[in-house]
Amino acid sequence: MSTIAVPGAGVQRATLASTDHKRIAASAGVLSLGFFIAGGVLALIMRTQLAADGGVVSQGVYDQLFTMHGSTMIYLFVVPISLAVGLYLVPLQVGAAELVAPRVALAGLVLFACGGITMWSGFLTSGGAAAASWWGFDPLSDASHSPGSGMELWIFGVLLVTVGQLLWAGCVLLTALRRRAPGMTLMRMPVFTWTMVATCLLTLFAFPALIVALALLWAQRHFGGVLVGDLGAVDYQQLFWFYGHPVVYVMFFPFVGMVGEVLATFSSKRFFGYSAFIVAVLAFSGLSMTVWAHHMFTIGQVTNKYFALTSTALVVPAGIEYFDFLATVWRGRLRFTCAFLFAIAFVLQFLVGGLTGVILASPPLNYDLNMSYFIVGHFHYTIFAGSAFGLFAGVYYWFGKVTGALLREGLGKLHLGLMVLGTNMTFFPMFILGAQGMTRRIAAYPPSMGWQGLNELETAGAFLIALSALVFLINVVVSLRRRRPAGDDPWQGHTLEWATSSPPPRYNFAALPAIRSYAPLLDLRESREAVAS
Amino acid sequence: MPDTHHAFEHVKAVYLPIAIVVFTLVVGAVLILLVRGAGRDRPGRRSNALRLELANAAVLACVAAFLVVITFRTETPLDRTVAHPALRVRVIAAQWSWRFEYPGGVAVAAVSTWHPRPALVPTGVEIEFAGVSRDVIHGFWVPQLSFMRQLLPGHVSRFDLIFHAPGTYMGTCSVFCGEQHTEMHFALQAVPAVQFERWLASGGSSA
Ligand SMILES: [Cu+2]
Ligand SMILES: [Cu+2]
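Which chain is which? The protein sequence lines are W and E, in order.
Counted from 1, the first sequence has number 401 at position 401 by our numbering; the numbering is strictly sequential.
Just so we're on the same page, our numbering is the position in the second sequence counted from 1, plus 1000.
Any given hint might turn out to be false.
Straight line, CA to CA, 20 Å or less: simulated DMTMM-like cross-link-like pairs of lysine to aspartate or glutamate [what the hints assert, rightly or not]:
1. LYS305(W) to ASP1160(E)
2. LYS305(W) to ASP1079(E)
3. LYS305(W) to GLU1179(E)
4. LYS1012(E) to ASP1079(E)
Where chain W lies over chain E, by a calculated footprint (3+ residues, C-beta under 8 Å) [unchecked claim]:
5. 1016-1022
6. 1025-1037
7. 1041-1054
8. 1079-1093
9. 1098-1112
10. 1155-1163
11. 1192-1200
Hint data in this document are derived by calculation from the structure and do not stem from the laboratory.
Keep in mind the model is a prediction, meaning the values are calculated, not measured.
Even for Gly, the Cβ is constructed at its ideal location relative to N, Cα and C.
Chain W on its own, in the form it takes in the complex (with noise of 0.2 Å):
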C-alpha cells in the first residue's frame, strides 16, 4: 500500500503526518484504491450467488454485501478519490506552492480513515455490517427494522467520511480561489481545476443535506418521534437525494476534467471551446442542484413534472461537453497511449449512461424501470463505465508526475481491454433484465424467468473486470520496480503542474514560465516553434 510514497518519503511516521497536500493526496488515494479492491470482491461475492441464482450466501448476508458494496464504491472510493485527485493537482496546476489549510485537509484523511474502518468494522459484530442499502432508508434503518450496531457503525462511518470530504472540498476550493500564481486568472485555469472548483461547490452546498439526514437518523433510532407523521419518510429521502443527486456528479466532473486534459494533450492541441466549456460545467452544478427528486417518482409525493423537466434539462451542458470533447480531438495529431484510450473509452460508455439517464428521466418510463436492474446497468454505466474510465485515463496520465516513473503501456493496453470487455459484459445485459422485470437487490429469482443465462454472463464480465484489476496492479508494481523515468513532461503537457519536476518538491516549483492562456506550456512551445521557423 505505501509503494506509491514518493522515493526518499523518509520515515512511515512522517509520511503519515506530512501537510505537504501531495502526500496527503497520495494517502488518500491510495486508501481510495484499497476499498475499491475490498468493495469489488463484495462485488464478485454478489455476482457469484446470482449467477449461481442463489445458494452461495444468505439473503441476509447479500442485504449486507449490497449495501457495503455501495456504500463502499460511493462514500470510500469515488468521491473521496474524486477530491484527492484534486488535492493533488489545483495547486500544481493554479501555480500554488501549498494547499490552502493544509492541516485541516490532514484532518480530513484522518477522518476518511476512521470512517471507512468504523463502516467496514460492522462485518466483525454479532449482527454484520449495516444492510439496509447505501441510502440507509427510513424506517427500514430505524431501530426496529435494523436493530443492532451495524447500522449505528454504517451511520457514524458514512458522517465521518462526509466531514471529511467537505473539508478537502473546502481546501481546494479556497486554493483555487486565492491561491493562483500572477498571471492565473480565473479564466485561465486549467479544464480539469474548473472541474473541481464545481465539484467543491456542489459538495460544499449538497453534503451537509446528508449530514442532517444522518443525524436525524440517528435521533430517530435512538429517541423516535424525528421522522414521523404521514410522510415522516419521504421527508428522509428528499434530504438524502438533496445530496445523492449532486453527488452524482461529484463523481463525474472531476473525470471529465481529467478526460478534457487528457484529450487535449494527446491531441496536441489545446481544449477546444474552453469558455464554452466552463460556462456548461457551472451550469451543470446549478441545474444538478434541482433534479433530486427524480429518484422519488415512483413515490407520487413530489412534482414529477418539474423534475422531468429539470432532469431533460442536463443534455444541453452534457452536450455542450461533448462537443467540446470531439472538436479538442478533430484535427488533433494523436498519439494512441493509455491515457488517451482510457479517455475515449470514457466518452463512449459514459455515452450509454448518459442516454439512460435520460430514458430515466421520463415518469412514463420511470414508473416500469425504477428499481429495475436497468437503473443499475444505468448508473454502472456512468460511475464504472464512465468515471472509472475517466480515473484511470488520469492514472495513466499523471502516474509519472506523481512516482517519477512511467507505467507500462502494454501492461497498461490489456488492463483497457479486459475492462472493456469485463464491462460491457456485466453491465449492459442489465438492461435487457431490467425491462423484463428483474428488480434490484434480490439475492435470487424465480427459475421460471429464463434470466439466469444473462446473470452468468454478467458474473463473467465481473471476474473479467478483476482479472484487468489486476492486470493494472502487475503494471503498477513492475512500473515501480523496474522504472522508466518520467521526466519532468513526458507528454507534452499543457498545464502547469508538467513545468516542474516529477514528483514535484515540497513546494512545488522553483520557477513558473509566464500564464497567458489555459495552456502555458503549449503557448511556450508555439513560440518556440514560431522563433525556429
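With the hints as your guide, set chain E with the ligands onto chain W.
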C-alpha cells in the same frame, strides 16, 4: 385513460430510437476522428467556434423540449385517478406479504412466496388501488403493466390501473424492504367482469 403499458411503449418508441441515433452518431464521429487523426503530423490550431457551440446548444434544447412535451402529455393521464372507478381494491404491503382487500370483505394474501395465489381483477375497467404499508417502504410493481408505485407506512397512495387483456400479471416488491424482499411476490389475474363478479360473490373461492 391509464393504459400504463401503452403509455410506456408510446414514450419508449420516441426515446429509444433517439438514444440509438445519438449513440451511433457519436461513435461514428469518434471513429472518423481517430482514423483521420492517426496519421496527421501537424495539429490544427483552431480552439473555439462560438457559432457552432450555440447551434449545438440550440439543437440540444429543441430535442430536450420535444422529449419533455412527449413525456408531459403521456404522464398527465397516468397520474390522474378517476372519481368513480369500477372497483376499489386496498393493497396492504408488509414485511413480507401482500394483501388485497375487496369490497364485501373478500381478501387475498400472498405471504413471502414465489408462487402466490392470484387476486382477481376484472378486465377493461378502471380499478383504483389504494396502497399502504404496515412497516417499511415497499414497491408495488407489475412489469407487464409497466407500472410501479411505492407504498409508504401511514400514507395511502392511490392509483388507477386497467387490465386490458385477460391473463395473469405477476407482481413483485420493487423497493428493498429487508430480509425476504426477494420473496415478496404477488399475482393479479385479469378475468372478464362476469367471472370476476362470480368470484367476488363466492367470497373469493371460485376462480
Ligand atoms: Cu439523480
Ligand atoms: Cu417489500
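query: Of the hints stated earlier, which fail here?
result: 3, 8, 9 and 11
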